[in-house]
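Chemist: Keeping the supplied structure of chain A fixed, place chain B upon it in accordance with the hints.
Here are the chains, one letter per residue:
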Amino acid sequence: MPATSKAMRDSHARVFDLDVLSLRELNQALHNLAPGSNETAWEVLNPKGSHSVAVGVDQPVSIDVRGSVGYYCGGMNSGSTITVHGSAGPGVGENMMSGSIVIKGDASQYAGATGKGGLLVIEGNASSRCGISMKGIDIVVHGNIGHMSAFMAQSGNLVVLGDAGDALGDSIYEARLFVRGKVDSLGADCIAKELRPEHLELLQGLLDRAGVTGVKPSEFKRYGSARTLYNFNIDNADAY
Amino acid sequence: MCGIVGLFLKDKALEPKLGAMLSEMLVSLSDRGPDSAGIAIYGATSGNEAKITIQSPKPERDFRGLDAELAKALGAPVSIAVKSTHAVVRTTPDKVDAAREALQSLRPDIRIMGAGEAVEIYKEVGLPEAVVERFDVRKMTGTHGIGHTRMATESAVTTMGAHPFSTGADQCLVHNGSLSNHNNVRRELVREGMKFETENDTEVAAAYLSSQMAHGKNLGEALEGTLSDLDGFFTFVVGTKNGFGVVRDPIACKPAVMAETDQYVAFGSEYRALTKLPGIDNAKVWEPEPATVYFWEH
Chain A
9 MPATSKAMRD
19 SHARVFDLDV
29 LSLRELNQAL
39 HNLAPGSNET
49 AWEVLNPKGS
59 HSVAVGVDQP
69 VSIDVRGSVG
79 YYCGGMNSGS
89 TITVHGSAGP
99 GVGENMMSGS
109 IVIKGDASQY
119 AGATGKGGLL
129 VIEGNASSRC
139 GISMKGIDIV
149 VHGNIGHMSA
159 FMAQSGNLVV
169 LGDAGDALGD
179 SIYEARLFVR
189 GKVDSLGADC
199 IAKELRPEHL
209 ELLQGLLDRA
219 GVTGVKPSEF
229 KRYGSARTLY
239 NFNIDNADAY
Chain B
20 MCGIVGLFLK
30 DKALEPKLGA
40 MLSEMLVSLS
50 DRGPDSAGIA
60 IYGATSGNEA
70 KITIQSPKPE
80 RDFRGLDAEL
90 AKALGAPVSI
100 AVKSTHAVVR
110 TTPDKVDAAR
120 EALQSLRPDI
130 RIMGAGEAVE
140 IYKEVGLPEA
150 VVERFDVRKM
160 TGTHGIGHTR
170 MATESAVTTM
180 GAHPFSTGAD
190 QCLVHNGSLS
200 NHNNVRRELV
210 REGMKFETEN
220 DTEVAAAYLS
230 SQMAHGKNLG
240 EALEGTLSDL
250 DGFFTFVVGT
260 KNGFGVVRDP
270 IACKPAVMAE
280 TDQYVAFGSE
290 YRALTKLPGI
300 DNAKVWEPEP
310 ATVYFWEH
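Protein sequence lines, in the order shown, are assigned to chains A and B.
Just add 8 to the spot in the first sequence (first one is 1) and you have my numbering.
Just add 19 to the spot in the second sequence (first one is 1) and you have my numbering.
Next comes chain A alone, as it looks inside the complex:
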C-alpha cells in the first residue's frame, strides 16, 4: 500500500458499523491495539442498545459511539476517551480504572459502579445507585441522580448539578459527594459537611474537566461520612 494512502487512512477515524460487524469484532479490534498505535480515533455506528460496547479498552484512543448503548458500556476502561452520543444502559463505566466516558444523554442504574479512577460525565440524568461502591472515580452528573446513589462509596468525588434521590451515600466510607439541588434523604452515616476552600478548589477543577460552565462551586453542598460505622459499637450487640 502506498505510504500516502496509509497516512490518509490513519488520519481518519476507524468506523465500526454494528449493523454490519459484530460487537465481538469491535471489542476484539480495540483489544488488539498495541501501545503507540496510530489508530487513535474510532467511531461506532448503530449501537442500538448493544451491551458491553467498548469494554476493557486499555489504550489512550478516543471512541465516539453514535447512538444509545445497553449494559456496561466502557466497563473497566483504562485510559480511553469514550463519548456516547445517546443514552447508556445499566452499569456504564463499571469498574473504570482511568480515562474518561461522556454520556450525552441519560444513564441508567449503577453508573460508574466500583470505579477506581478516571472521569465519568453524564450530561443528562443518572438513575438509581449512581456511583455505588465507587473507589476513586470522579463522576459529574449535569442533571439529577436516583435513589441509593453512592451506596458504600469508598473514595472519589460525585458531583451532581441537579437533585439526589433517597438514601444518598448510605453506609459511605470516604467519598466526597457534592449536590447543587435538593437531596430527598441521606442514607445511614451520611451527613452534610462544611464546604471549605480546598473543596471549592477541587469542585472547580472537576467542573472544568467535565465542561461545565456558568455554575459556581459555592452553589453546592458537601456530604460525606459521619464515620460512626467504622467500628462496631458494643451497645448495638443486642441487634445481632
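Wrong hints could be hidden among the right ones.
Taking lysine-lysine and the DSS-like style, the derived pairs with C-alpha atoms no more than 25 Å apart in a straight line are [stated by the list, open to error]:
hint: 1; chain 1: A; residue 1: K56; chain 2: B; residue 2: K236
hint: 2; chain 1: A; residue 1: K112; chain 2: B; residue 2: K102
hint: 3; chain 1: A; residue 1: K56; chain 2: B; residue 2: K303
hint: 4; chain 1: B; residue 1: K273; chain 2: A; residue 2: K112
hint: 5; chain 1: B; residue 1: K295; chain 2: A; residue 2: K56
hint: 6; chain 1: B; residue 1: K29; chain 2: B; residue 2: K303
hint: 7; chain 1: B; residue 1: K236; chain 2: B; residue 2: K214
hint: 8; chain 1: A; residue 1: K112; chain 2: B; residue 2: K29
hint: 9; chain 1: A; residue 1: K229; chain 2: A; residue 2: K124
hint: 10; chain 1: A; residue 1: K112; chain 2: A; residue 2: K143
hint: 11; chain 1: B; residue 1: K236; chain 2: B; residue 2: K29
hint: 12; chain 1: A; residue 1: K124; chain 2: A; residue 2: K112
hint: 13; chain 1: B; residue 1: K102; chain 2: B; residue 2: K158
hint: 14; chain 1: A; residue 1: K190; chain 2: A; residue 2: K229
hint: 15; chain 1: A; residue 1: K201; chain 2: A; residue 2: K229
hint: 16; chain 1: A; residue 1: K56; chain 2: B; residue 2: K273
hint: 17; chain 1: A; residue 1: K190; chain 2: A; residue 2: K112
hint: 18; chain 1: B; residue 1: K158; chain 2: B; residue 2: K295
hint: 19; chain 1: A; residue 1: K190; chain 2: A; residue 2: K201
hint: 20; chain 1: B; residue 1: K36; chain 2: B; residue 2: K102
hint: 21; chain 1: B; residue 1: K77; chain 2: B; residue 2: K36
Derived by calculation from the structure, the hints in this document are not laboratory data.
Modeler: Quick look at chain B alone, frame taken from chain A:
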C-alpha cells in the same frame, strides 16, 4: 432475569402492525429469558362477542368437533379458530362463565389462558421467535399488547408457568422479578374466592390486581396497592380492555425503559427492545421512577 415489553398505540394507522411491532420487541430480548415466551394482544371489540383463549397439550384430539359440542351445551353460537396448541373460542358475552364450565367437562385437559372481549393470549415453552412463529403473532392487529420472555425462578418451566397471566376478563400481567409474600397473598385471595392455576408468584400479582379492580378500583389505583401489599422485586406491565399500566417496586433493580411519541407508548426491559419502533430517535425516552404508577387508557 426475564424480558418484558408493552406497546399501547395512540395512532390507529399502526393497529394493523401491532403484532409485528410487539413481536420484534420481544424477539430482541430473547437472551433475557430462553425458557418460554408469551404475548397478549388486545384486538377490536364488537360488543356482542366474547373470546376465550384455550390451550391443549393434544390440540388435534381436543379441538376437533369442539365448536359443535360447545354450541350445543351452551345453546348459543360458537366459533373456534385454532392456532397450533391454542384456540380462540368466540361466543356471546353472557355465555363466558357457562363456556368455561362446559369446556372443563367436555375437554378436561384444556387450560384457559384468558377471556374477555378484546384479549387473546398465546404462550408456550421455547424462545420468543419460535412462539411468535407458532402463533403467527406478526399478522395480528390490535390496539395494545404485552409480552414476556421468561427465565424461570419461582416455578416450573411449563406452558402454564409462562407469562402473561390472566385472572380477570380482559386483564393480564407480565412480570420481571420475584415476589416473596406470594403464598400469603394467594391464601387471602383464595379465601375471597379467586381461583389459581399454578404455584407461580406472578399469577398472584395478576389475581391481586383483578381482585382490587373487582372491588371498584381503576387500574392506576390497583397498581398503587401493589406497592404496599406485594413484597419482593417487580416491574409489572399490565393490560386491560382499554388500558396499559406500568409499576416498579421501590428498590427498582429490575430494568425498565419507556418511550412515548404521538403514535404510541412503549415499554421494554431494555432500550434494545425499542430501537425498531417508528420515530424512536425523536421519542421521549425515560426510565419509569420507582414506586410510581404509570397508566394510559383509550
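Chemist: Each of the hints needs a verdict: does it hold here or not?
Modeler: Hints and how they fare:
{"no.": "1", "hint": "K56(A) x K236(B)", "result": "violated (39 Å)"}
{"no.": "2", "hint": "K112(A) x K102(B)", "result": "violated (46 Å)"}
{"no.": "3", "hint": "K56(A) x K303(B)", "result": "holds (16 Å)"}
{"no.": "4", "hint": "K273(B) x K112(A)", "result": "holds (24 Å)"}
{"no.": "5", "hint": "K295(B) x K56(A)", "result": "holds (9 Å)"}
{"no.": "6", "hint": "K29(B) x K303(B)", "result": "holds (15 Å)"}
{"no.": "7", "hint": "K236(B) x K214(B)", "result": "holds (20 Å)"}
{"no.": "8", "hint": "K112(A) x K29(B)", "result": "violated (29 Å)"}
{"no.": "9", "hint": "K229(A) x K124(A)", "result": "holds (24 Å)"}
{"no.": "10", "hint": "K112(A) x K143(A)", "result": "holds (24 Å)"}
{"no.": "11", "hint": "K236(B) x K29(B)", "result": "holds (24 Å)"}
{"no.": "12", "hint": "K124(A) x K112(A)", "result": "holds (22 Å)"}
{"no.": "13", "hint": "K102(B) x K158(B)", "result": "holds (12 Å)"}
{"no.": "14", "hint": "K190(A) x K229(A)", "result": "holds (9 Å)"}
{"no.": "15", "hint": "K201(A) x K229(A)", "result": "holds (8 Å)"}
{"no.": "16", "hint": "K56(A) x K273(B)", "result": "holds (20 Å)"}
{"no.": "17", "hint": "K190(A) x K112(A)", "result": "holds (23 Å)"}
{"no.": "18", "hint": "K158(B) x K295(B)", "result": "holds (17 Å)"}
{"no.": "19", "hint": "K190(A) x K201(A)", "result": "holds (15 Å)"}
{"no.": "20", "hint": "K36(B) x K102(B)", "result": "holds (19 Å)"}
{"no.": "21", "hint": "K77(B) x K36(B)", "result": "violated (31 Å)"}
Against the hints set out earlier in the document, violations occur for numbers 1, 2, 8, 21.
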